[in-house]
Amino acid sequence: MKIAVLMGGPSSEREISLKSGSAVAAALSGLGHQVITIDLNREVVARLKNFAPDVVFNALHGKPGEDGSVQGLLEVLGLPYTGSRVLASAITMDKIMTKRVLLQAGIPTPKFLAWTGAEYATGKKEIKAAILKELGLPVVIKAPTQGSTIGTFIVREEGALEPAIAGALKYDLSFMAEAYLAGPEITAAVLGNRKPQVLPLIEIVSHTGFYDYQAKYTPGLSDHIIPPRLPDDVLAAATSLAGRTYTLLGCRGFARVDFIVAGGREPQVIEVNSVPGMTATSLVPDAARAAGLDFPDLVQKIVDLALEP
499 MKIAVLMGGP SSEREISLKS GSAVAAALSG LGHQVITIDL NREVVARLKN FAPDVVFNAL
559 HGKPGEDGSV QGLLEVLGLP YTGSRVLASA ITMDKIMTKR VLLQAGIPTP KFLAWTGAEY
619 ATGKKEIKAA ILKELGLPVV IKAPTQGSTI GTFIVREEGA LEPAIAGALK YDLSFMAEAY
679 LAGPEITAAV LGNRKPQVLP LIEIVSHTGF YDYQAKYTPG LSDHIIPPRL PDDVLAAATS
739 LAGRTYTLLG CRGFARVDFI VAGGREPQVI EVNSVPGMTA TSLVPDAARA AGLDFPDLVQ
799 KIVDLALEP
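In the working numbering, the protein residues as written are 499 to 807.
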């Protein structure tokens, strides 16, 4: 097939996207496909039209490649593409909207509060008081539409709250405060369209104390433990929740559902990634290997799913 790999782009996750795209392109070329890589810029439409791909592999992380914008462009161009469609991409890119949908459906997620930057500017004192009263310390402050833990801060003392909020608002027009839950962090890679398959769960252990950008993308700074060191009933509950979350949000192709397991007993969904990383240190390829799919097989499976009606 002729396959165009979209990568790079202007987001804060550009460098990771370039690594994901390069790994995917190499795998597809090794499988015998005719592949071009396209860095998302003003010439992207012309290059796609000239190449006329059978399918587009979207390896863009962050906005606008993961929030429905590029998905809408590809819909208009009539090109099949990997991953979730416009609505699911838009919802999962926004952590606030994701959590509102999860709560409405009764899927456990940590308690949270959210405000716009404008609301915070006129009510700092009241908002800080509400966070401390409702959520306490530690508390997690997040920029809601960033990935790779960019714009995320764990606040352990009151004096650090205001700088964390300011840091989150550098990336987004809103911010969220989320209850800090002590417990292991696990993730579930999900593969499929109508009948999604939850791949083996992974426990994430960061050697930096926080699974941040550095720990995620520096070899040796985090461990991926398969299966997680948790009771079977907890793993079964997380697997079920991952499948329900994927289906509820309308995800397609592949995605990753991230959890905190409160007290080592209660899995709670913290976010969903509709275009998860595909680098050498990424979680989805690790989960696929544990399920018997090597990296080229995984990439081909994602392409095949993109071409399903």
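Hints should not be assumed to be uniformly reliable.
Said to hold, decoys possible - Listed next, the in silico DSSO-like pairs over lysine-lysine satisfying Cα-Cα at most 30 angstroms (straight line):
no. : residue 1 : residue 2
1   : 668       : 626
2   : 500       : 693
3   : 799       : 517
4   : 668       : 693
5   : 500       : 547
6   : 668       : 622
7   : 693       : 622
8   : 668       : 623
9   : 668       : 609
10  : 668       : 631
11  : 799       : 500
12  : 547       : 799
13  : 517       : 500
14  : 517       : 547
15  : 623       : 609
16  : 623       : 517
17  : 609       : 626
18  : 622       : 609
Bear in mind the hints are in silico, worked out from the structure with no lab data behind them.
Tested hints:
Only pairs whose Cα atoms come within 30 angstroms are accepted, and residue 668 paired with residue 626 is accepted, the gap being roughly 18 angstroms. At most 30 angstroms may separate the alpha-carbon atoms for a hinted pair to count; residue 500 and residue 693 meet this at roughly 27 angstroms. Note on residue 799 and residue 517: the hinted pairing holds, with a Cα-Cα distance of about 20 angstroms set against a maximum of 30 angstroms. Only pairs whose Cα atoms come within 30 angstroms are accepted, and residue 668 paired with residue 693 is rejected, the gap being roughly 39 angstroms.
This hinted pair checks out: residue 500 and residue 547 have alpha carbons roughly 12 angstroms apart, not beyond 30 angstroms. Distance restraint check for residue 668 and residue 622: the Cα-Cα separation of roughly 16 angstroms lies within the 30 angstroms cut-off, and the hinted pair is therefore satisfied. Proposed proximity of residue 693 and residue 622 is contradicted: the alpha carbons are some 46 angstroms apart, above 30 angstroms. With a C-alpha separation of about 19 angstroms, the suggested pair residue 668 and residue 623 falls inside the 30 angstroms cut-off, and the hint holds.
For the hint linking residue 668 to residue 609, the alpha-carbon distance of about 23 angstroms falls within 30 angstroms, and the restraint holds. With a CA separation close to 25 angstroms, the supplied pair residue 668 and residue 631 stays within the 30 angstroms bound. Restraint check: the Cα-Cα separation between residue 799 and residue 500 comes to about 16 angstroms, which is no more than 30 angstroms; the hinted pair holds. Restraint check for residue 547 and residue 799: the C-alpha separation of about 25 angstroms stays at or below 30 angstroms, so the hint holds.
At most 30 angstroms may separate the alpha-carbon atoms for a hinted pair to count; residue 517 and residue 500 meet this at roughly 21 angstroms. Only pairs whose Cα atoms come within 30 angstroms are accepted, and residue 517 paired with residue 547 is accepted, the gap being roughly 24 angstroms. At roughly 21 angstroms between alpha-carbon atoms, residue 623 and residue 609 fall within 30 angstroms of each other, so this suggested pair holds. Taken as a hint, the residue 623 and residue 517 pair is broken in the structure, with Cα atoms around 42 angstroms apart against an allowance of 30 angstroms.
Using a Cα cut-off of 30 angstroms, the hinted pair residue 609 and residue 626 holds, with the two alpha carbons roughly 16 angstroms apart. Using a Cα cut-off of 30 angstroms, the hinted pair residue 622 and residue 609 holds, with the two alpha carbons roughly 20 angstroms apart.
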